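Take a look at the letters that make up each chain.
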Amino acid sequence: MWEGPDMKKELLLRTEDLNIGYKKGSKAQMIIATGLKLEIFRGELVCLVGPNGVGKSTLLRTLAGLHVPLGGRVILKERDISSISSLEMARIQGLVLTEKIEMEGFNVFDMIALGRFSHTDWKGSLTGKDHRIIAESLQLVRGEHLAERKINELSDGERQKVMIARALAQEPELILLDEPTSFLDLLRKVEVVRIMRELARKQNKAVVMALHDIPLALQYADRLWLFEPSGTIRDGAPEDLVLSGKIVEIFSSDPLIFDPVTGSYPFYGDQNKQIVLKGAGLTGLWTRKALEKEGYSVTEEDLSGVPLLEISNRGNSRQWHLSQGSRNQSYSCIYDMLRGLRNIVTDLQA
Amino acid sequence: MAQDNISMSSAKKNRRMKFLFTGFSIVMLFLFILGLSHGSVRIPSKEVFIILTGGGRNNPVWTDIVLNLRLPRILAAMLAGSALGIGGLLMQTLFLNPLAGPFVLGINAGASLGVALVILLSGIAGFSSFLSGLGLLAEMGMVISATIGSALVIMFVLVLARKIASKTVLLLIGIMLGYAVSALVSVLIHFSMAERVQSFLAWTFGSFSTVSWKELKVMIPIVAISLALTFPLGKDLNVLLMGETYASSMGVAVRKVKYSIILLTALLAATVTAFCGPVAFLGIAVPHLGRNIARTGDHRVLIPMCILLGSIVALLSDLIAHLPGQGVVLPLNAVTSLIGAPVVIWVITRYQHVGRS
Numbered sequence: 001m002w003e004g005p006d007m008k009k010e011l012l013l014r015t016e017d018l019n020i021g022y023k024k025g026s027k028a029q030m031i032i033a034t035g036l037k038l039e040i041f042r043g044e045l046v047c048l049v050g051p052n053g054v055g056k057s058t059l060l061r062t063l064a065g066l067h068v069p070l071g072g073r074v075i076l077k078e079r080d081i082s083s084i085s086s087l088e089m090a091r092i093q094g095l096v097l098t099e100k101i102e103m104e105g106f107n108v109f110d111m112i113a114l115g116r117f118s119h120t121d122w123k124g125s126l127t128g129k130d131h132r133i134i135a136e137s138l139q140l141v142r143g144e145h146l147a148e149r150k151i152n153e154l155s156d157g158e159r160q161k162v163m164i165a166r167a168l169a170q171e172p173e174l175i176l177l178d179e180p181t182s183f184l185d186l187l188r189k190v191e192v193v194r195i196m197r198e199l200a201r202k203q204n205k206a207v208v209m210a211l212h213d214i215p216l217a218l219q220y221a222d223r224l225w226l227f228e229p230s231g232t233i234r235d236g237a238p239e240d241l242v243l244s245g246k247i248v249e250i251f252s253s254d255p256l257i258f259d260p261v262t263g264s265y266p267f268y269g270d271q272n273k274q275i276v277l278k279g280a281g282l283t284g285l286w287t288r289k290a291l292e293k294e295g296y297s298v299t300e301e302d303l304s305g306v307p308l309l310e311i312s313n314r315g316n317s318r319q320w321h322l323s324q325g326s327r328n329q330s331y332s333c334i335y336d337m338l339r340g341l342r343n344i345v346t347d348l349q350a
Numbered sequence: 001m002a003q004d005n006i007s008m009s010s011a012k013k014n015r016r017m018k019f020l021f022t023g024f025s026i027v028m029l030f031l032f033i034l035g036l037s038h039g040s041v042r043i044p045s046k047e048v049f050i051i052l053t054g055g056g057r058n059n060p061v062w063t064d065i066v067l068n069l070r071l072p073r074i075l076a077a078m079l080a081g082s083a084l085g086i087g088g089l090l091m092q093t094l095f096l097n098p099l100a101g102p103f104v105l106g107i108n109a110g111a112s113l114g115v116a117l118v119i120l121l122s123g124i125a126g127f128s129s130f131l132s133g134l135g136l137l138a139e140m141g142m143v144i145s146a147t148i149g150s151a152l153v154i155m156f157v158l159v160l161a162r163k164i165a166s167k168t169v170l171l172l173i174g175i176m177l178g179y180a181v182s183a184l185v186s187v188l189i190h191f192s193m194a195e196r197v198q199s200f201l202a203w204t205f206g207s208f209s210t211v212s213w214k215e216l217k218v219m220i221p222i223v224a225i226s227l228a229l230t231f232p233l234g235k236d237l238n239v240l241l242m243g244e245t246y247a248s249s250m251g252v253a254v255r256k257v258k259y260s261i262i263l264l265t266a267l268l269a270a271t272v273t274a275f276c277g278p279v280a281f282l283g284i285a286v287p288h289l290g291r292n293i294a295r296t297g298d299h300r301v302l303i304p305m306c307i308l309l310g311s312i313v314a315l316l317s318d319l320i321a322h323l324p325g326q327g328v329v330l331p332l333n334a335v336t337s338l339i340g341a342p343v344v345i346w347v348i349t350r351y352q353h354v355g356r357s
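Those protein sequences? They're chains P and A, same order as listed. Just so you know, this note's numbering puts 226 at position 226 of the first sequence, and the rest follows in order with no gaps. Just so you know, this note's numbering puts 153 at position 153 of the second sequence, and the rest follows in order with no gaps.
Don't take each hint at face value.
[As the list claims (entries may be wrong)] Below, a sample of chain A positions facing chain P; criterion: calculated Cβ distance under 10 Å: (1) 10; (2) 239; (3) 296; (4) 302.
[Unchecked claim] Calculated lysine-lysine pairs in the DSSO-like style (CA-CA distance at most 30 Å, straight line): (5) P/100 x P/123; (6) A/256 x P/77; (7) A/18 x A/46; (8) P/278 x P/289; (9) P/23 x A/167; (10) P/129 x A/12; (11) P/246 x P/37; (12) P/246 x P/289; (13) A/256 x P/27; (14) P/24 x A/167; (15) P/129 x A/256; (16) P/37 x P/202.
Since the hints were made in silico from the structure, they are not lab data. Quantities reported herein were computed from a predicted structural model and do not represent experimental measurements. Ideal Cβ positions, reconstructed from N, Cα and C, are used throughout, including at glycine.
Isolated chain A, as found in the complex (with noise of 0.2 Å):
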């Protein structure tokens, strides 16, 4: 009896599961429409269907705006939300902190230090009107020191992640590797130009524009790899969630997961940093609005959930940033904020009262 009890709801659990997937892919299929359609010149929506489907001859201008403008921003937005959202998600559960993200080992601060050195370089060698000259180039340094920068970040903490056993020593050493980083890049803002900070300062608020045909080349193998790694990670993120000595005891082989949970976040946060630049909030809203709407801490529930409301979220995010219209565009990291800080503030507010009780 008791087990049939069990099955049943367990079958009306299925049941909700499989509506708000298919609730959300539908939803996550209307704002890819939505992005494409709108913006400094609108395109109908059911144009923007028959150009994807490879129609559409008659207006080239239309087809080369969609397919060639829209489409990889959209696919980046889609791309970067569904990364950060794993990566937020990954790095919750191994330092069971809600308020960990995909940045807490530091990787941002490392690609912020590889583009800052390029600012710095280019301004004091002379090299500016040089690099401002080649255009495309210049951008495409920024990616790759942001990469190396990252990089560097990532060997670091995977080899301190070997020797150090304590998660709340690698913790608190990725937070002050952070500051650390920080502090040297405020020096070599302090004696950049002014047009170059500038730049700078663009690049530290995140864009999708930024990536074009040939980013996205390297960025969707990358991520989309390492999402599909975080799948049979699953059922070892659960046992995770309750401390490392219970989850060795059940058979969790926890160094070796810890291992991959933290070369999975590192690549998928480098990944969308040097393309998109530090997209904030996104990677720890993400998991807990996952959590919420889900109502299960079930990883093999969450991570595909993650992976869909990361897309939406940052779809939903690059149409708000486009909102304004004529060419104007808002800083994402200003709207994710707009949108991840209630959550985050939702999140401590509802752990506080959990604690209390």
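For reference, chain P alone in the conformation it holds in the complex (with noise of 0.2 Å):
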């Protein structure tokens, strides 16, 4: 084991034995989950992973101090979470949330400006040193050229970003994301994904971000805190927690199946109809899917009785040829080919 006095230096939060959940009333506490051993090393992106309602936005909340844990301790460069104030939290910890927040009357540069509030006088006056980390944290998510946009004329994805360099603006050691992909398309998602992967690897932050895309979880973190629904957070490399079969067992409900392979739920129809399929490579790979997706258990050995489908490749134009006893069939895309085979079975129906 390498763990030696750097991984000491590397660990940035710990907790304690945290019990987090909510006061309901004067007495009674509705415990989300409870005897919590977490740790945060700089450099790292964790992914908070669990189903929806399992409690990842207050686990994110009472790591960031907002919220009171009901047990345990958070523990913050050896500090406890409680004897910091606030000012003090905001230059160790930057958030980014879900909400799209509507700021009237500001540009993406008075926003990234707020991000300065726990480092600026009374006035909030931004000094030379002010300015260039503003102007820092808006290339560091690739937004330079958002500066003079309004904030209300801004996309989800860009709007998400400036949100990123808010937070990278109070030149926080940690930060702390729920789901801030949750209204984006997929392209932005990677993108906000990929960044923050790399503030943690070039920057040297801590980043957790809770994120409900598993595949993308799986893709780019380095270490997955698995929140299951019955309050425990399995931990380690994604690898790990997919060959443990945890990954599987929580993400699958009957009839879907997570495959941890292509990190996905793959879909197969009926596979009560079978079918001879002669093609290799990429060509192959998507028609296979296709002929799945629409229900055929597919082969490459000869079989009687079944229909044969042989691709053939010539430069950019590629053929489907359908066989079935004495017809015949060719075509140019996998869709007419579909179509081409329900006719075939319907006429054999019939």
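Build the complex from these two chains, which are given one at a time in their own frames, with help from the hints.
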């Protein structure tokens, strides 16, 4: 093991037997999770995953010091966070939430400048250093071109980048993000996750991000916190958790089975029909996917009395040749081929 | 390069702000002089200027009119306009609601209950003739009872604000409180004598004319100190626009700031209501005018802007109310509402447009 003084230095936050949840009324408590022992290291991207409503937001808020733990302690830089003032906290931690913020009369620069709140004087006047940090923060999220744009005119993706830049302007050592990609399309989602990964690696920030996109979390996280409905958190490299079978267990629910190989939920039709497929490469792979979706069990060995599909690749043009008994037909795309296949089957049944 | 562009455009913004503030200061000064010279007796503005600078001993009647009749009214208008403008700005930011005003916490309702109580008491106990005989004391009675009424509501809201974390709940309680108190007022009115109801009604119309130097001795320090205390809040108010979770994560002491906002608004709104009656609409309309004229949401600009615009709109309203001349004065609230309502309608339609897009 290499766990020497280095590991200790990199440890930024840890929890001691942390219990999280809500106070209901004066005495009753709603406990979400108990006995949590979590660690956050500098330079790592931690993804917090788990079914909706399991308590990911409560955990993040508790780590951010915005929510009082029901038991145990959160230790940030060797200090109990309950002893850290909100002003000091703002210089150590930054927070990004899902919600869309309306800021009438603010442009991107003004908004990021708000992130300097805990560093500026009572008037909030910006020094040269503040200007430099604001510009750098915007650069880190690749949003230099946005500086003069109005907040209310930004797209959802741009807005979330600005929210991240604003958190960066606090010069935090730890950034907590609660589902920052929820309203974004796939491309922007990947972009945001990549930016966070880069910040962890290149700026040596610690990043904890609640994410409900499991494939993305598996792909980019250094460490996964898998929040189970039972109120425990499994912790480890995403790959460890996949191998332990935990991921499949948590994210599968009959009839949807999580496929750890593709990181998604594959859909196979009824699988009650058979077809022989001759064809390799990418074309072969996607043709097979299409056939499976259509409910075919696909084999490569010759079988009699079963439709045969052959793919010919000539340069850029592909052809699908379908034969069933004496019938023969060629198609130039998968869509037409599937329609042809359906006709043949109905004809045979008739 | 990017940094240069930013600082260049911010220099341009600063120039624009300086221009706006100078321009509106001149407008305010102009309206100030106009208000002093206009009225049942027309006094040339040059004479007004001489009287203000300590001269004008040769016309004691004019001096008396300007210094003892009109100046207190004009100063009261400026104080009330600034106070309500700032109160509205604070409430709109606290509740993140464009239609909030200084009276959402039920302060004017409390004041009107106090005033209505005085009317009923003087009605039933046969005090009517006694009080009207005292004249001035009855008038001060209204101020005192309005102050007590608002103070009770303020204390109630402040205790609630300590206990209730949700702003929406606080807002709803404030509004419900207003309804409940108004219901009591209407019961009181129902059992009051017609002439007393008339004087209560006159109070609800709002007026700057009821303020003399004696009242200003109380009004000026409270409003001036409260306004001065809002300036250091500008930085916090900006971050509060992002919502309380973000604000506290960015270092704002949310509870303390919220409490200060409520306390300052209560002081400003209660003082104005006690001396000038429940002046309508100014508090909602002025912050919107400020945001649109300054083209910013930055409270460090909006606070001085709302003080300036609040004064201007109040002076203008007072001037319009005195327009008929010959001692005829329109109800102040009729004028402020006629100015305020179009602004509020414009705000509503604009926000709807934003919501749709």
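Checked hints:
The closest approach between the C-beta of residue 10 of chain A and any C-beta of chain P is roughly 8 Å, which is under the 10 Å cut-off, so the hint is satisfied. The beta carbon of residue 239 of chain A is positioned within 10 Å of a beta carbon in chain P (closest approach about 5 Å), and the interface hint is therefore held. Annotation: interface hint on residue 296 of chain A holds; nearest CB of chain P at approximately 5 Å, less than 10 Å. Because the smallest distance between the Cβ of residue 302 of chain A and any Cβ of chain P comes to about 9 Å, under 10 Å, the interface hint for this residue holds.
Annotation: proposed proximity of residue 100 of chain P to residue 123 of chain P holds, straight-line Cα distance about 27 Å (limit 30 Å). Restraint check: the Cα-Cα separation between residue 256 of chain A and residue 77 of chain P comes to about 27 Å, which is no more than 30 Å; the hinted pair holds. Taking the CA atoms of residue 18 of chain A and residue 46 of chain A, the gap is near 28 Å; set against the 30 Å cutoff, the hint holds. A distance of roughly 14 Å separates the Cα atoms of residue 278 of chain P and residue 289 of chain P; the hinted pair therefore holds under the 30 Å criterion.
The suggested pairing of residue 23 of chain P with residue 167 of chain A holds, with an alpha-carbon distance near 19 Å, which does not exceed 30 Å. This hinted pair checks out: residue 129 of chain P and residue 12 of chain A have alpha carbons roughly 21 Å apart, not beyond 30 Å. Restraint check: the Cα-Cα separation between residue 246 of chain P and residue 37 of chain P comes to about 18 Å, which is no more than 30 Å; the hinted pair holds. Between residue 246 of chain P and residue 289 of chain P the CA atoms are separated by roughly 26 Å; this keeps the pair inside 30 Å, and the hint holds.
At most 30 Å may separate the alpha-carbon atoms for a hinted pair to count; residue 256 of chain A and residue 27 of chain P meet this at roughly 26 Å. Taking the CA atoms of residue 24 of chain P and residue 167 of chain A, the gap is near 19 Å; set against the 30 Å cutoff, the hint holds. In summary, the hint linking residue 129 of chain P to residue 256 of chain A is supported, as the alpha carbons are separated by about 29 Å, within the 30 Å threshold. Between residue 37 of chain P and residue 202 of chain P the alpha-carbon distance is near 27 Å, which keeps this suggested pair within the 30 Å criterion.
Taken one by one, the earlier hints all hold for this structure without exception.
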